[in-house]
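Here are the chains, one letter per residue:
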Amino acid sequence: MSIDIDTARKVAKLARIAVPESDLPKLADNLSGILNFMEQLNEVDVEGVEPMTSVTPMRLKRRADVVTDGDQQAKVLSNAPDAREGFFAVPKVVE
Amino acid sequence: MLDLTYPAPKPKVIAGAKHDWELVIGLEVHAQVATKAKLFSGASTRFGAEPNSNVAFVDAGMPGMLPVINEGCVAQAVRTGLGLKAQIHLTSAFDRKNYFYPDLPQGYQISQLYHPIVGEGEVLVEMGDGTARVVRIERIHLEQDAGKSIHDMDPHMSFVDLNRTGVALMEIVSRPDIRGPEEAAAYVAKLRLIMLYLGTCDGNMQNGNLRADVNVSVCRPGAYERYQETGDFSHLGTRCEIKNMNSLRFIQAAIEHEARRQIAILEDGGSVVQETRLYDPDKGETRSMRSKEEAHDYRYFPDPDLLPLEIEQAWVDDIAAHLPELPDAKKARFLGDYGLSDYDASVLTADLDAAHYFEAVVAEAGDGKLAANWVINELFGRLKKEDHAIADSPVSPAQLGGIIRLIKAGDISGKIAKDLFEIVYTEGGDPARIVEARGLKQVTDTGAIEAAVDEIIAANPAQVEKAKANPKLAGWFVGQVMKATGGKANPAVVNQLVSAKLGL
Chain X
16 MSIDIDTARK
26 VAKLARIAVP
36 ESDLPKLADN
46 LSGILNFMEQ
56 LNEVDVEGVE
66 PMTSVTPMRL
76 KRRADVVTDG
86 DQQAKVLSNA
96 PDAREGFFAV
106 PKVVE
Chain P
337 MLDLTYPAPK
347 PKVIAGAKHD
357 WELVIGLEVH
367 AQVATKAKLF
377 SGASTRFGAE
387 PNSNVAFVDA
397 GMPGMLPVIN
407 EGCVAQAVRT
417 GLGLKAQIHL
427 TSAFDRKNYF
437 YPDLPQGYQI
447 SQLYHPIVGE
457 GEVLVEMGDG
467 TARVVRIERI
477 HLEQDAGKSI
487 HDMDPHMSFV
497 DLNRTGVALM
507 EIVSRPDIRG
517 PEEAAAYVAK
527 LRLIMLYLGT
537 CDGNMQNGNL
547 RADVNVSVCR
557 PGAYERYQET
567 GDFSHLGTRC
577 EIKNMNSLRF
587 IQAAIEHEAR
597 RQIAILEDGG
607 SVVQETRLYD
617 PDKGETRSMR
627 SKEEAHDYRY
637 FPDPDLLPLE
647 IEQAWVDDIA
657 AHLPELPDAK
667 KARFLGDYGL
677 SDYDASVLTA
687 DLDAAHYFEA
697 VVAEAGDGKL
707 AANWVINELF
717 GRLKKEDHAI
727 ADSPVSPAQL
737 GGIIRLIKAG
747 DISGKIAKDL
757 FEIVYTEGGD
767 PARIVEARGL
777 KQVTDTGAIE
787 AAVDEIIAAN
797 PAQVEKAKAN
807 PKLAGWFVGQ
817 VMKATGGKAN
827 PAVVNQLVSA
837 KLGL
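Just so you know, the protein sequences line up as chains X and P, in that order.
Numbering of the first sequence is given in my numbering, commencing with residue 16 and proceeding in unit increments.
Numbering of the second sequence is given in my numbering, commencing with residue 337 and proceeding in unit increments.
Source of the hints: derived by calculation from the structure; they are not laboratory data.
Glycine residues also receive a C-beta, built at the ideal position from the N, C-alpha and C atoms.
There could be a bad hint or two in this list.
Examples of chain P residues toward chain X, derived with CB under 7 angstroms [as the list claims (entries may be wrong)]:
1) S377
2) G384
3) F436
4) S485
5) D488
6) L671
7) G675
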């Protein structure tokens with residue numbers, strides 16, 4: 016499977032990564048290389064094999080319905096470029 | 337137990353400029369799961385807290401933090417599924433739905449696209465006119481809610497509160513079985529009621545704890561039946577999705593408006609574009625959300641942080657064994673055991689507090705019909721005057737039951753009972769004692785009533801002559817006797833005595 020320049024541009028946009036137009040051909044080429052490498056796996060016959068979800072036979076860990084976390088507004092906001100009155104402040108999002 | 341069966345309501349028909357149209361509606365209801373903690377973190381779900389104070393690092397999308405599922409949320413989803421007579425999937429799995437928005441710090445929502453925890457079920461939606469629609473449920477899945485963005489605090493910035501981020505939601509997806517705006521609202525109201533009975537969602541629509549996305553399309557009469565026969569969606573029109581409505585009134589208005597918009601386009605020779613729209617309650621119209629369209633490439637994939645969710649049949653059975661009585665069963669029981677009318681049974685089961693109150697009155701008074709009458713007509717009417725909820729009723733079920741017992745025993749007349757109710761409502765006290773202390777007891781002693789009748793006949797010879805000529809005038813004497821006895825004479829006894837004495 017090969018990725019063309021338009022697809023590379025779209026993937027970059029969806030991932031919110033700014034890629035200069037001049038870098039797109041190389042990026043498309045790299046992505047295609049990765050996908051082609053992965054496609055070797057298609058040679059394996061997996062007819063009738065259940066997809067494996069974990070390498071160890073573990074049961075999904077659960078927690079009880081108890082409040083054990085939170086009350087740390089200052090910590091939660093400490094990495095924010097801008098925070099006001101307890102809120103994260105971000106450039107205006109217009110709907 | 338009685339089975340509730342009703343004929344289906346007629347689909348709503350909208351007359352266009354050229355011909356008639358019908359509606360086809362399906363809903364996705366998002367119900368906040370009633371739990372103390374979030375779906376994958378130990379932060380509180382409490383509404384109205386300081387911004388960003390109910391936030392764990394998992395919710396804030398901090399690097400390296402891993403989600404751990406809250407078993408309480410899983411139990412609530414299973415409970416809801418059982419309440420909707422749905423299949424429970426013992427194995428389900430979580431997927432990532434990827435999109436960027438400031439109130440979604442992870443950059444993806446954890447949801448269940450491919451393997452939801454609950455499968456097909458159904459809801460009986462009564463329309464209140466003797467008809468009901470059975471709406472099929474396609475699935476219920478568990479997912480995370482997003483945070484809240486506030487856009488009006490600053491002209492250049494949006495403010496983000498992550499308190500709601502990661503709170504568990506159940507997305508309840510219906511089949512396109514709903515055929516009108518009123519049905520859609522009734523469906524949401526019924527789902528809400530079932531979840532209130534189950535205790536799985538608090539149903540608070542104003543706070544956004546229950547909201548709905550509505551899919552609407554229009555078709556010519558007959559097309560829907562062809563879809564039903566063949567299962568082929570191409571018989572139906574192109575649908576639009578109206579997002580995120582948190583009021584039954586808005587849901588109805590938005591559907592009505594959206595259907596008319598689509599009809600106008602089609603009759604004009606155009607075609608409806610499948611898209612997401614937003615309802616503006618101030619303008620009473622829907623508008624396109626083009627900004628979201630572009631982002632609609634969610635690139636779902638299984639969440640590598642979470643193993644499949646496996647639950648045991650015995651655990652599900654245990655939840656099933658402890659389900660409360662649900663609205664339909666309660667209504668059927670009220671109809672069967674107490675002989676209530678469909679209307680009375682509906683009113684009393686539409687509110688769990690009312691249902692409990694009613695049953696407590698019946699336990700006291702032993703007469704279902706009379707109890708229903710008093711609860712619905714007198715108590716509800718009185719409470720409404722002062723905008724009180726039934727939980728705050730100044731009259732307890734024991735007191736109301738006591739009043740009804742006095743009526744049944746013939747101790748007080750219906751009229752005195754209303755006065756007594758008012759006394760108990762405003763002053764409190766034991767009804768039987770109040771009747772005793774204030775001399776409100778109905779006089780059934782024939783001797784006492786006879787004396788009163790004699791006295792009035794003796795004092796009004798002219799009236800006696802008139803009544804003998806025209807027996808209809810006997811009513812005047814009954815009225816006078818009732819007046820003379822302060823309303824306490826048994827009206828049946830008075831009637832009988834007056835007729836006899838006047839020789840009618």
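Outcome of the hint check:
1. S377: 6 angstroms, holds
2. G384: 13 angstroms, violated
3. F436: 5 angstroms, holds
4. S485: 6 angstroms, holds
5. D488: 10 angstroms, violated
6. L671: 37 angstroms, violated
7. G675: 42 angstroms, violated
When each numbered hint is compared with the structure, violations occur for hints 2, 5, 6, 7.
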